[in-house]
Amino acid sequence: MDEAMSLDSSLGEAVSGRGHPELNEEEEEEEEDGLYYIPERRPSLDLGPAPMDIDGRYFMEQALSPSQSYGSMTSEGGSTLPEDNDGFSTSLKLERADSFSSCYSIDSDDCEKKTPKIRSEDDVKDKTDHFQPIIKPNANRHPSMTLAFTFKIICDTLRKLSEGELRRFKWVLWSQYPQSFSTSPQSMDTLDVVDRLLDCYGLEGALDITKNVLTYMETRMVLNYLELSCKRYEVQYDLREHLREKFCQDISIGGEKMPFSDAYIEVPISSKANNGPNNEHEVLTIKKLNSHRNPHTKLFTKDILGHEDSDSRSHSLVLLYGVAGSGKSMLFKKFVIDWIEERSHKNAFFLFPIKCRELKKLRGSEFSLITLIKTLFPPMAKLEDGDLKFDREVTSLFILDGLDEYKANLDFVNITLVTDPKDKQPLDILLVNLLRGRVHFKSDAVVLSRPAVSFCNPLDVNFQVKELCRFGDPDKDEYFRRRFRDPDQAARVIEYVQSQKTVHIMCHLPLFCRVVADEWQRAFREQGAAAAGGALPGGITRLYTQLLLVLLQQRWLTRAPERSPDQHAPFLMHLGQMALEMQERCGFKIHQVDRDDKEWNQEAVVNSGLCNKYGLSQAGLYMLDVLTFLHPTIQEYAAALYVYISFRRDGKNVFEKNFKDMVLSKLKGPKAADLYKSAVEKSLQHEDGRLDIFLRFLFGMANATNQQLLQPFCGSSAPIANFAKDATSLISKKSRDCQHPKRRDNLQRCLEELGA
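End of the sequence shown sits at 756 in UniProt numbering; the numbers just go up one at a time, nothing left out.
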């Protein structure tokens, strides 16, 4: 009997290449379904090595070697499986290779008549189909599928498995993909397993195998996480490319194209807001506003949120103030480009930059957060609404540029709370809930605005107010070096700026630096090398006039389009009259309670940007709102413009106060010489020089080039002609009579502004 069994065993080994270990009951049941009874053979029967007829085999799998079987067979024939500490079965139903006797039936009369057993496709096609990875190295792979991403996402996915599930995952890999491992992966950590998969199968293959095994294990939630993460990364990549096309184009400066990084000089950010205006002045010593006494530090773009590497935190809302011309729009662009290039804010999975002037066009409509995002950012439409659920895996950063342009009073107290991102609400309500972090908790918001926007401090969010600072002296020089690629031209411009103290002070504003650079670029283009040896035509008055025109153009095009350019002159007259009154008393601030005209404040502070609003600390008890001009020299320019337009448009000399002088002036007709004589005499009355810069601007406005720029504000009146000779005679006479050397020097500067 033993000899017969030995022969029987050798017969199976001739086909399968391995012996039959003792089977447990479950394995015996599986084998019995596919075996015929084989009678004992006589020892004398010798079948020999006759070849098998394999033409009749269907749907056969390659026989597995013993090392590929899921369980390790002990010497006693028992099957040792890994312990399952998590309470679920980890047994696998693997297809055993058919032995000779299971492939053929041998009749009972010991004849060697072999009848092939035909197995149906359904018998063979089972869950092993999951383990055929589709590996296409040359497939059209999405650009987001990089080695770093694939390694990270598979590791993150496996970390979501329980300890028992991870052991089972490794056993399935070992049993179905043995060529990947020389030994069992149970002793390998997750990083080594993933590294081995990527090394053997590449990016697509490793992902396919991971999905196959998770599908076989029926861990649906983990599989969904992997598939959704891949989809989100594809959308994130497409969003980056969409923003790159929109924000990373070369910028046009002075008619020349240059990369943004070559032109941008980062402006420091103060950790505290309400720092007051820059009161540095060429002639006067102006006391700084007592806005606050708390110390503050300087930050940069990457430091604004203050938790770059933090994962567990609440929603943050940062309100970043900046005066007109301080570089808010460039900072907005810097935010976006840094995220695209992955230089900062890496914890934000999605970044949504929104210009409030575009958002304003959608007011009056109802949106859910999801529909609003898909409307403004087309790549996000690839995600289903369910895929856009904002959880701990997906953090977002919203950046709103120019909230003052939105023109809405956002109520943070009496507001409908919205927590469902699919809930439609009016845009104002949705915007408030977004800023408060209600509709998207795992998000941050950075809002850029002029100082006029007032916020009710929401107590349920991490609310911070910061302020955009100004260029320092090194920043000013660096700006011109980057703007002018010709070192000689850059050196000439820097020399000019440093020689004109008022210009050097005003270059703390990036916008004013741009105006100076534009004027010098025009001079180099028109005059060539001759421009290097002279000064700018029109003097500093032309620079301030160009700055005014830029701000008014923004007012008309974007901030107050309902107001025509014809309405600029009345507004400037109103503003200039107030400026002259403040200048005569050497005042540089006005309390808002003394001028409680909301419409005028809106025009002066928000729309034109010529004024600012600050909170003035009153003995540490409360804050009193005050209005100031953008800079004291802007106040002096506005006062001079009021005097100039009054004379040009109305024939009025504002310095003639008594009735007799006014009547005589009307009878004789307006004369520029009389106006400028009155202005010089008024200026010389103040030994502190409070009207010195004002007088320079007034003379500069009579320059022919500046008269042309200011003509739209003066109506159809004829320009001032042949004034240079009279002005020279006037200045010479007053200089001889003036006893104060600084006032005499200022009179000579007036002639330079006039171009005489």
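Just to be clear, a hint being listed does not mean it is correct.
[What the hints assert, rightly or not] Here are the simulated SDA-like pairs of lysine to any residue, each with C-alpha atoms no more than 20 Å apart in a straight line:
no.	residue 1	residue 2
1	Lys657	His574
2	Lys361	Leu228
3	Lys211	Asp238
4	Lys671	Cys714
5	Lys355	Gln554
6	Lys374	Glu245
7	Lys677	Pro719
8	Lys231	Phe247
9	Lys589	Val283
10	Lys613	Asp473
11	Lys424	Phe441
12	Lys298	Val465
13	Lys442	Glu478
14	Lys613	Val283
15	Lys211	His242
16	Lys424	Gly437
17	Lys734	Lys652
It is worth saying that the hints were derived from the structure and are not from the lab.
Predicted model, so just to flag it, every value in this text is computed and none were measured.
Are Lys211 and His242 close enough, with their CA atoms no more than 20 Å apart? 30 Å, violated
Are the Cα atoms of Lys374 and Glu245 separated by 20 Å or less? 17 Å, holds
For the pair supplied as a hint, Lys231 and Phe247, is the alpha-carbon distance within the 20 Å limit? 24 Å, violated
Run the distance test for Lys442 versus Glu478: straight-line Cα separation, threshold 20 Å. With Cα atoms ~39 Å apart, Lys442 and Glu478 exceed 20 Å; violated.
Regarding the pair Lys613 and Val283, is the alpha-carbon distance no greater than 20 Å? 24 Å, violated
Next pair to validate is Lys671 with Cys714; report whether the Cα-Cα distance is within 20 Å. 16 Å, holds
Lys355 paired with Gln554 [C-alpha distance capped at 20 Å]: 15 Å, holds
Please verify whether Lys657 and His574 have alpha carbons no more than 20 Å apart. Judged against 20 Å, a Cα distance of about 18 Å means the pair holds.
Between the alpha carbons of Lys424 and Gly437, is the straight-line distance 20 Å or under? 16 Å, holds
CA of Lys589 to CA of Val283, is that 20 Å or under? Roughly 18 Å between the alpha carbons, so the hint for Lys589 and Val283 holds.
Decide if the proposed pair is consistent with the structure: Lys361 and Leu228, CA atoms, cutoff 20 Å inclusive. 33 Å, violated
Is Lys677 close enough to Pro719, meaning Cα to Cα at most 20 Å? 18 Å, holds
In this structure, the hints that do not hold are numbers 2, 3, 8, 10, 13, 14, 15, 17, in rising order.
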